[in-house]
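*Asks:* What follows is each chain in one-letter form.
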Amino acid sequence: MAKILPLIARRIGSALVTLLLVSLVIFTIASLLPGDAAQEALGQSATEEQVAALRAEMGLDRPGPVRYANWLLDLVRGDPGQSLVANMPVSEIISERLPNSLLLAGLTAIFSVPIALFIGIASAIDRGGRLDRGLSITTLSMVAVPEFLVATLGVLIFSVHLLWLPSIAMASSEATFGEMLRSLALPIISLAVIVIAQMARMTRAAVADQLDRPYVEMARLKGVPYSRIVTVHVMPNAIGPVINAMALSLSYLMGGAIIVETIFNYPGLASLMVNAVTSRDMPLLQACAMIFCALYLVLMLVADVVAILANPRLRA
Amino acid sequence: MSRPAISRRALVGAGVAGAGLVGAGLLLRRGSAADGPRAPARGGYIRVATQSSSTSDTLDPAKGALSTDYVRHFMLYNGLTTIAPDMSTQLSLAEAIESDDLVDWTIRLRRGITFHDGADLTADDVVWSLRRHKDASVGSTVATIAEQFANIAKVDRETVRLRLTGANADLPTILSQSQFLIVRNGETSPAGNGTGPFKLSDFRPGVRTLVVRNPDYWVPDRPRLEGIELISIPDEVSRVNALLSGDVQLINAIDPRSTRRIEASAGHDLLVTRSGLYTDLVMRQGAMPTGNVHFSAAIKHMIDRPLVNRALFRDFATIGNDQPIPPFHPLYNPNVGQTTVDLDKARWHLRQSGVGRTLLPVYASPAATGSIDMASILQEYGARIGLNLAVNRVPADGYWSTHWGRHPLSFGNTNPRPTADLIFSLFYKSDAEWNVSGWQNERFDRLLIAARGETNQALREEMYGEMQQLVHDHCGVMIPVFISLIDGFDARLKGLEPVPLGGLGGYRFAEDAWWEA
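Heads up: the sequence lines are chains A and B, in that order.
Residue 1 is where the first sequence starts when you use my numbering, and the numbers rise one by one after that.
Residue 1 is where the second sequence starts when you use my numbering, and the numbers rise one by one after that.
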């Protein structure tokens, strides 16, 4: 334990620095994009005077560094600002979308992790065997198939032809849990396909790596049953890379779900961020970027801590 | 537009029809005629998906910028006038709009109309709604049009006087646009409290708009639907899938390539709206070689319009003739000779222009519908006559501010406008902001101003006819086709009629549609 607390403290410190740098980079890059929020809002048919007036209204007439500093000060005080185009507090917009993204990512994780672990461990144990080869071909082809293809085929088969599942994922607050699961089934499956495949490949590699170690051979020579070797001896050593793989996949589920969000019209954070970029809504864009970055850092931290706790050698 | 003799107090009581009586005649591509007409039923909830929605979705009519906004606003608010499917202007909230000189207009309001919050509609609301466009901080998308409102004043409880900066016979038509819908007096950021057929129940920008029937709506027997949920599905394939799987009952902006899927489904139909929407090639007149008259003549003779119509739009388009007034427009001049592909003529013009083998870049983008394919067709035909074009494909994001009209050759895209005057004033007048080709024609400008104040309808038509000829002959734009708007709907949804100004029945389907269970 003595080792973990300072590690967490150090990590939080560097996370804050990372967040600051990311916000600076996002702000700089976004200001390089042609046009600003006022131009985008007024569209093709705006005159110079109109744009100038709206710019003043939005506070875009101030120089970039000043806007950035103001935004940062407000954020430190806990206020992510006002969306330029929606005329609503950013926190309000995010608080509506963030639960949706977390829900989709959470359900996908619950669905994918056990399957991925099972596939990964099973194929590691049966390395070179028929099962392993079958699973490897399946997972490799799953990794190779793009999400939009899986999603579109899923919609064509299950929604358009069979009429079993809805083609759009409406996150309505009135829906019961069952209805919600039904409307999220296709998005979850589309995301799970790629996540399961990635996690299973990484798990297989980590477990297989351990199975080659001398201690496994020793345990086998001593007559320990193979299943016990895998669960009791190999897994604690393999858990670090496996957890890391999972953390990476999960952070992907938060921000990388954009294609699935678009196809199923799911109101999540990823599409919100794309929205913010196209409408040049800086406060909203910054807030989304901060959330994605923070979530990523938290997941990585959790992965490291879990790996340490799970491994007797690191725990000491 | 086809308001015969609007001039002398002609609009008094011209159309009590107002929003409404636009009959039951369905103009569908197939079906529907077989089953006999049934009386419109009341009730039913439908879900409608459009192609665009984002956090910039608004409840403020003045800020409306996208089709989703227009649909939302027409559900909640009413305008002083509306446009009928035949493009004639009908009265709505106004009982009369009259003027003796087309400069000083008197608008008299219908009595007994209430907002959703119960307040009576009065002249104050109209004055407030129209004045807002002049306030730059509102960010009105029609501020340039509202510049001609010199003075807006209340006369009495039901009467408003609107003084223009110059004569404009089109004022009643201009007021039919969704941006000029009437909001409640004093509301700086309107939140759905209108006089319209539906009341707002839930609005989340970028997610959905939910409206329910307004039981106190002032037009008898309207609306018929109990409620509408408006969402957006930006991906076209997903939108069509959602329609076919029954998750939504009406969608817009269907790619011509997807029409077969909808035609193949027994329970779905297409609503095709011939519109004035066009994608044009802009040839900058201030730059060389595009400013050379022979160069633009060569381009105009080089484009294979039927090929564009067939290959890009599966014949869901109307052949254009390098001027912006479409053939089904009341002011269309049929006497302008149609330019057709003629490579010998094009070659001759090209030689006269002296361009030679110089490589000329053409800027095209997904922002201008079909422009990339059109550019490729031009490139191909150009190669046959010795014109060397390079297609520069650029992203849609930021296209209008960085590329449109900023290069000698670039593609543009213009949405339908309610009047010929607006199209010409915004895009073709010598000093217009978006006269991006930069053509200058004194005669054209004079005709345009004169036509606004012309009270003789025949003379007016003649003037617009000549303007079309001038643009066709001299302007640096090439307009190959007018693109039809294609919507798809569940066949049980009735009462949809195409209005050439926009898809989804000119964005106003909600008031008249009904559900036949």
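It is worth saying that the hints were derived from the structure and are not from the lab.
A couple of the hints might just be wrong.
As the list claims (entries may be wrong) - Short derived list, chain A residues pointing at chain B, Cβ under 8 Å:
no.	residue
1	L32
2	E57
3	A86
4	L149
5	G154
6	P166
7	Q198
8	M202
9	M235
10	N275
To be verified - Okay, derived cross-link-like pairs now, EDC-like style, lysine to aspartate or glutamate, Cα gap no bigger than 20 Å in a straight line:
no.	chain 1	residue 1	chain 2	residue 2
11	B	K134	A	E217
12	B	K494	B	D221
13	B	K429	A	E57
14	B	K134	A	E92
15	B	K154	B	D104
16	B	K494	B	E187
Even glycine gets a Cβ: it sits at the ideal position worked out from N, Cα and C.
*Asks:* Between B/K429 and A/E57, is the straight-line Cα distance small enough, at 20 Å or below?
*Replies:* The given pair, whose Cα atoms are some 30 Å apart, is violated under the 20 Å limit.
*Asks:* With a cut-off of 8 Å, does the beta carbon of A/E57 approach a beta carbon of chain B closely enough for the hint to hold?
*Replies:* Hint on A/E57: holds, closest Cβ of chain B at ~5 Å, below 8 Å.
*Asks:* Check the hint pairing B/K134 with A/E217 against an upper bound of 20 Å on the C-alpha distance.
*Replies:* Outside the cut-off at roughly 84 Å; violated.
*Asks:* Is the interface hint satisfied for A/M202? The criterion is a beta-carbon contact with chain B at less than 8 Å.
*Replies:* violated, 31 Å
*Asks:* Does the structure keep B/K134 and A/E92 at a Cα separation of 20 Å or less?
*Replies:* violated, 31 Å
*Asks:* For the hint on A/L149, does the least C-beta distance to chain B fall short of 8 Å?
*Replies:* Since the shortest Cβ distance to chain B is 11 Å, the answer is violated.
*Asks:* Hint check: B/K494 vs B/D221, CA-CA at most 20 Å. Holds or violated?
*Replies:* Holds. B/K494 to B/D221 sits at ~15 Å (cutoff 20 Å).
*Asks:* Holds or violated: A/G154 as interface residue toward chain B, Cβ cutoff 8 Å?
*Replies:* This interface hint is violated because 10 Å lies over the 8 Å limit.
*Asks:* Holds or violated: is the Cβ of A/Q198 closer than 8 Å to a Cβ in chain B?
*Replies:* violated, 24 Å
*Asks:* Once the shortest beta carbon distance from A/P166 to chain B is found, is it less than 8 Å?
*Replies:* Given a least distance of 5 Å, the restraint on A/P166 holds.
*Asks:* Does the CB of A/N275 sit less than 8 Å away from some CB of chain B?
*Replies:* holds, 4 Å
*Asks:* Min Cβ distance, A/L32 to chain B: is it shorter than 8 Å?
*Replies:* For A/L32, the interface hint is violated, since the closest Cβ of chain B sits about 11 Å away, which is over 8 Å.
Going down the numbered hints, you'll see the structure goes against 1, 4, 5, 7, 8, 9, 11, 13, 14, 16, while the others check out.
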